[in-house]
Amino acid sequence: MDMEFVGSDMTEISITDHRGPSIGRMGRRRVQDDENKEFKSKNLHAERRRRQKLSDRLLTLRSIMNKATIIEDAITYIQKLQKTSDVLSEQLREMEGSSEEEGKPAVRIQIDAAADMKKCGIKEEVKVTTIDGNKLLIKIILEKKKGCFTKLLEAMNCLGFELSETSVTTFKGAMLISSCVQGIYGDSLMVEQTQELLLEIIRSIRECSEI
Amino acid sequence: MKLYEDSACFEPHSITADCQSLMGLDGGSATNSHSTLEDNLNLSSYNPHQHEDPSAAVELEIQQHYLLDNTTTNNSHLIPQLTQELSYDESNWDADQQSFNMVPSSSSPEAAYPPAPDLLNLFHLPRCSFLSNSSISFETAPASSIVYDPLFHLNLPPQPPVFRELLQSLPHGYTLPADEKEASGVAGLYHDGDNGILEFTRDISMAGRGKGRDKAGKTTKHFATERERRVHLNDKYQALRTMVPNQTKNDRASIVGDAIEYIKELLRSVRELKLLVEKKRCGQERSKRLKTEDAASAADAGDVECKPLGDPDQCYNTSLRSSWLQRKSKDSEVDVRIIDDEVIIKFVQRKKINSLLFVSRLLDELQLDLHHVAGGNIGDYYSFLFNTKIYEGSSVYASAIANRLIDVVDRQYAAAPPTSSTCL
Numbered sequence: 001m002d003m004e005f006v007g008s009d010m011t012e013i014s015i016t017d018h019r020g021p022s023i024g025r026m027g028r029r030r031v032q033d034d035e036n037k038e039f040k041s042k043n044l045h046a047e048r049r050r051r052q053k054l055s056d057r058l059l060t061l062r063s064i065m066n067k068a069t070i071i072e073d074a075i076t077y078i079q080k081l082q083k084t085s086d087v088l089s090e091q092l093r094e095m096e097g098s099s100e101e102e103g104k105p106a107v108r109i110q111i112d113a114a115a116d117m118k119k120c121g122i123k124e125e126v127k128v129t130t131i132d133g134n135k136l137l138i139k140i141i142l143e144k145k146k147g148c149f150t151k152l153l154e155a156m157n158c159l160g161f162e163l164s165e166t167s168v169t170t171f172k173g174a175m176l177i178s179s180c181v182q183g184i185y186g187d188s189l190m191v192e193q194t195q196e197l198l199l200e201i202i203r204s205i206r207e208c209s210e211i
Numbered sequence: 212m213k214l215y216e217d218s219a220c221f222e223p224h225s226i227t228a229d230c231q232s233l234m235g236l237d238g239g240s241a242t243n244s245h246s247t248l249e250d251n252l253n254l255s256s257y258n259p260h261q262h263e264d265p266s267a268a269v270e271l272e273i274q275q276h277y278l279l280d281n282t283t284t285n286n287s288h289l290i291p292q293l294t295q296e297l298s299y300d301e302s303n304w305d306a307d308q309q310s311f312n313m314v315p316s317s318s319s320p321e322a323a324y325p326p327a328p329d330l331l332n333l334f335h336l337p338r339c340s341f342l343s344n345s346s347i348s349f350e351t352a353p354a355s356s357i358v359y360d361p362l363f364h365l366n367l368p369p370q371p372p373v374f375r376e377l378l379q380s381l382p383h384g385y386t387l388p389a390d391e392k393e394a395s396g397v398a399g400l401y402h403d404g405d406n407g408i409l410e411f412t413r414d415i416s417m418a419g420r421g422k423g424r425d426k427a428g429k430t431t432k433h434f435a436t437e438r439e440r441r442v443h444l445n446d447k448y449q450a451l452r453t454m455v456p457n458q459t460k461n462d463r464a465s466i467v468g469d470a471i472e473y474i475k476e477l478l479r480s481v482r483e484l485k486l487l488v489e490k491k492r493c494g495q496e497r498s499k500r501l502k503t504e505d506a507a508s509a510a511d512a513g514d515v516e517c518k519p520l521g522d523p524d525q526c527y528n529t530s531l532r533s534s535w536l537q538r539k540s541k542d543s544e545v546d547v548r549i550i551d552d553e554v555i556i557k558f559v560q561r562k563k564i565n566s567l568l569f570v571s572r573l574l575d576e577l578q579l580d581l582h583h584v585a586g587g588n589i590g591d592y593y594s595f596l597f598n599t600k601i602y603e604g605s606s607v608y609a610s611a612i613a614n615r616l617i618d619v620v621d622r623q624y625a626a627a628p629p630t631s632s633t634c635l
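Those protein sequence lines, which keep their order, are chains H and P. Under the numbering used here, the first residue of the first sequence is numbered 1, with each subsequent residue one higher. Under the numbering used here, the first residue of the second sequence is numbered 212, with each subsequent residue one higher.
In short, the hints are calculated from the structure, not lab data. Some hints could be false.
Stated by the list, open to error - With a straight-line cut-off of 30 angstroms between C-alpha atoms, the simulated DSSO-like cross-links for lysine-lysine are:
| hint | chain 1 | residue 1 | chain 2 | residue 2 |
| --- | --- | --- | --- | --- |
| 1 | P | 490 | P | 502 |
| 2 | P | 460 | P | 447 |
| 3 | H | 67 | P | 539 |
| 4 | P | 447 | P | 475 |
| 5 | H | 146 | P | 563 |
| 6 | H | 83 | H | 53 |
| 7 | P | 432 | H | 67 |
| 8 | P | 557 | H | 80 |
| 9 | P | 502 | P | 485 |
| 10 | P | 563 | P | 502 |
| 11 | H | 135 | P | 562 |
| 12 | P | 600 | H | 145 |
| 13 | P | 557 | P | 485 |
| 14 | H | 119 | P | 600 |
| 15 | P | 541 | P | 460 |
| 16 | H | 83 | P | 485 |
| 17 | H | 118 | H | 172 |
| 18 | P | 539 | H | 146 |
| 19 | P | 447 | H | 80 |
This structure is a prediction, so every number in the text was calculated from the model and none was measured.
Whenever a hint applies, use it, and build me the whole structure from the sequences.
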């Protein structure tokens with residue numbers, strides 16, 4: 001990273017007049033200032049030249065490196081980065097234990113969810129329609145809780161439902177799930193039965209998290 | 212030496228014409244160069260070392276070559292196969308002793324080397340061929356190629372057929388025809404023949420020298436170190452390859468390309484981790500301060516939450532956390548992007564298991580709050596996009612997410628029995 005800035009260190013660029021004392025300026029005071037400025041400029045030039053020299057040489061060094069060293073260096077660099085990454089993640093893991101903040105925000109979110117939903121008048125809902133013979137289109141609105149989607153999927157998996165085209169969105173503490181569903185076992189699914197099953201599922205999800 | 216440096220340039224990838232002819236691409240040219248090969252062989256037969264036991268040296272070389280094979284478990288059964296092949300071959304060679312001497316003469320100086328460089332040398336001989344379009348992967352098992360030699364029955368004396376098989380099994384990528392011509396123009400004349408590896412590269416070295424027989428001894432030494440160097444280089448490429456997670460093709464360009472991507476990814480990860488550690492430390496310091504201040508005065512505690520910048524303990528960590536990485540495996544692909552506290556996960560897997568369920572489970576474990584999901588069936592694959600948010604206080608990072616995800620889905624995928632075609 002450091003190398004990117006070699007030769008482009010802006011802090012030393014001054015906006016002084018680089019022409020130096022050759023340009024006539026009035027008064028002795030001016031000459032003195034010019035001299036100071038001249039020294040600064042010379043220094044600046046020298047510094048700039050030095051940096052340029054360094055970066056040119058680094059580039060040449062890179063260009064003359066033979067393939068073997070390039071590969072070797074790449075290997076070493078990757079190993080170094082991997083080690084750093086491991087060390088840092090280890091550090092992070094160690095620090096995990098001492099954090100106390102996690103419990104509160106999660107609970108806060110859940111409480112808000114129920115409240116939000118009520119405020120907007122969004123209600124739990126299940127709607128099932130058939131598409132194309134064996135497929136069903138289901139629409140579910142439920143209270144968004146931590147892990148509710150997983151629970152829904154688990155339940156549907158147990159019952160032999162397979163979700164294909166799925167869209168899940170969340171809004172104001174509610175979760176809307178629209179999905180094409182088919183039966184894994186190839187059997188055709190009845191609309192009413194499915195609807196009832198799903199209602200039961202979301203009810204139990206709600207009750208389960210209220211415990 | 213310059214010649215050898217040049218040849219190092221295009222080592223990337225050559226398969227000898229031998230392989231080419233084996234693959235049926237250029238069988239016709241075999242006979243043309245045969246005569247030139249003969250000349251070449253004759254030249255080389257002046258080598259003073261030619262009188263050493265030819266078959267033993269060849270055998271040694273081949274054994275060593277196969278010992279070098281990555282799959283070391285194969286060794287035990289390879290070698291008996293080899294020796295069997297060899298003994299069969301020898302009967303053909305007796306007819307043309309001179310040309311046969313060619314083989315040991317090149318091999319003997321190597322026999323003098325310690326076995327390891329020898330193996331490597333032999334292993335990488337075919338590098339200097341001129342095929343422009345063929346590529347053989349490293350993983351091609353030599354074992355399979357030993358048995359089959361389409362040209363064997365032609366009874367071509369000068370080349371031990373086994374070497375051709377060796378060639379066939381050796382690793383390569385593409386060639387750089389321009390470089391090759393430049394580096395070994397004269398040797399190009401010989402390439403179309405059914406050269407044994409050794410003869411061929413020897414041609415190069417001799418061509419490079421511009422002289423023939425006199426320099427034979429010296430050139431073989433150079434050519435051996437050259438091979439050694441090439442072999443080492445190839446080992447390094449392979450070492451690089453093993454370190455990088457997503458690997459697709461096995462050619463040098465892909466290896467280097469993948470390495471570049473991986474290094475960039477590692478840099479992003481390290482930056483992300485540093486930021487997280489910093490934030491965590493910040494948070495801990497703050498909470499420590501809160502505790503001590505709570506002890507001091509309960510009233511002030513509530514105001515301490517958002518400390519102004521003047522506070523010396525404050526970490527000036529206002530940078531936006533961003534991170535991105537991808538992990539691919541045989542049947543699945545995961546792309547994780549993190550911006551601040553939002554994690555966007557793109558997931559593609561061949562349709563076989565209920566991927567959605569497993570991913571959703573994992574996201575819960577990782578403390579990721581699902582906001583949006585979209586996806587479905589695309590051809591043979593499931594493809595889903597997850598928009599999630601990191602719960603406050605959690606310090607999950609991109610590589611952890613990606614690695615766990617790919618791990619879980621791969622394991623579930625592997626564990627599931629193969630499905631018959633979908634019933635619907």
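Verification of the supplied hints:
1. Distance hint between residue 490 of chain P and residue 502 of chain P is fulfilled; the C-alpha atoms sit about 18 angstroms from each other, no more than 30 angstroms.
2. About 16 angstroms separates the Cα atoms of residue 460 of chain P and residue 447 of chain P, which keeps this hinted pair within 30 angstroms; it holds.
3. Distance restraint check for residue 67 of chain H and residue 539 of chain P: the Cα-Cα separation of roughly 28 angstroms lies within the 30 angstroms cut-off, and the hinted pair is therefore satisfied.
4. This hinted pair checks out: residue 447 of chain P and residue 475 of chain P have alpha carbons roughly 20 angstroms apart, not beyond 30 angstroms.
5. Proximity of residue 146 of chain H to residue 563 of chain P is assessed by CA-CA distance (about 27 angstroms); at most 30 angstroms being required, the pair is judged to hold.
6. Our distance criterion of 30 angstroms between C-alpha atoms is broken by residue 83 of chain H and residue 53 of chain H, whose separation comes to about 33 angstroms.
7. In summary, the hint linking residue 432 of chain P to residue 67 of chain H is supported, as the alpha carbons are separated by about 22 angstroms, within the 30 angstroms threshold.
8. Between residue 557 of chain P and residue 80 of chain H, the direct Cα distance comes to roughly 29 angstroms. Compliance with the 30 angstroms bound is thereby established for this hinted pair.
9. Of the pairs offered as hints, the one joining residue 502 of chain P and residue 485 of chain P holds, with about 26 angstroms between alpha carbons and a cut-off of 30 angstroms not exceeded.
10. Taking the CA atoms of residue 563 of chain P and residue 502 of chain P, the gap is near 52 angstroms; set against the 30 angstroms cutoff, the hint is violated.
11. The suggested pairing of residue 135 of chain H with residue 562 of chain P holds, with an alpha-carbon distance near 17 angstroms, which does not exceed 30 angstroms.
12. With a C-alpha separation of about 14 angstroms, the suggested pairing of residue 600 of chain P with residue 145 of chain H holds against the 30 angstroms cut-off.
13. Taken as a hint, the residue 557 of chain P and residue 485 of chain P pair is honoured in the structure, with Cα atoms around 25 angstroms apart against an allowance of 30 angstroms.
14. Restraint check for residue 119 of chain H and residue 600 of chain P: satisfied, since their Cα atoms lie roughly 23 angstroms apart, inside the 30 angstroms limit.
15. Pair hint residue 541 of chain P plus residue 460 of chain P holds up; C-alpha atoms about 12 angstroms apart against a cutoff of 30 angstroms.
16. Distance restraint check for residue 83 of chain H and residue 485 of chain P: the Cα-Cα separation of roughly 13 angstroms lies within the 30 angstroms cut-off, and the hinted pair is therefore satisfied.
17. Distance restraint check for residue 118 of chain H and residue 172 of chain H: the Cα-Cα separation of roughly 9 angstroms lies within the 30 angstroms cut-off, and the hinted pair is therefore satisfied.
18. Between residue 539 of chain P and residue 146 of chain H the CA atoms are separated by roughly 29 angstroms; this keeps the pair inside 30 angstroms, and the hint holds.
19. The straight-line distance between the Cα atoms of residue 447 of chain P and residue 80 of chain H is roughly 17 angstroms, inside the 30 angstroms bound, and the hint therefore holds.
Checked against the numbered hints given earlier, this structure breaks hints 6, 10; the rest are met.
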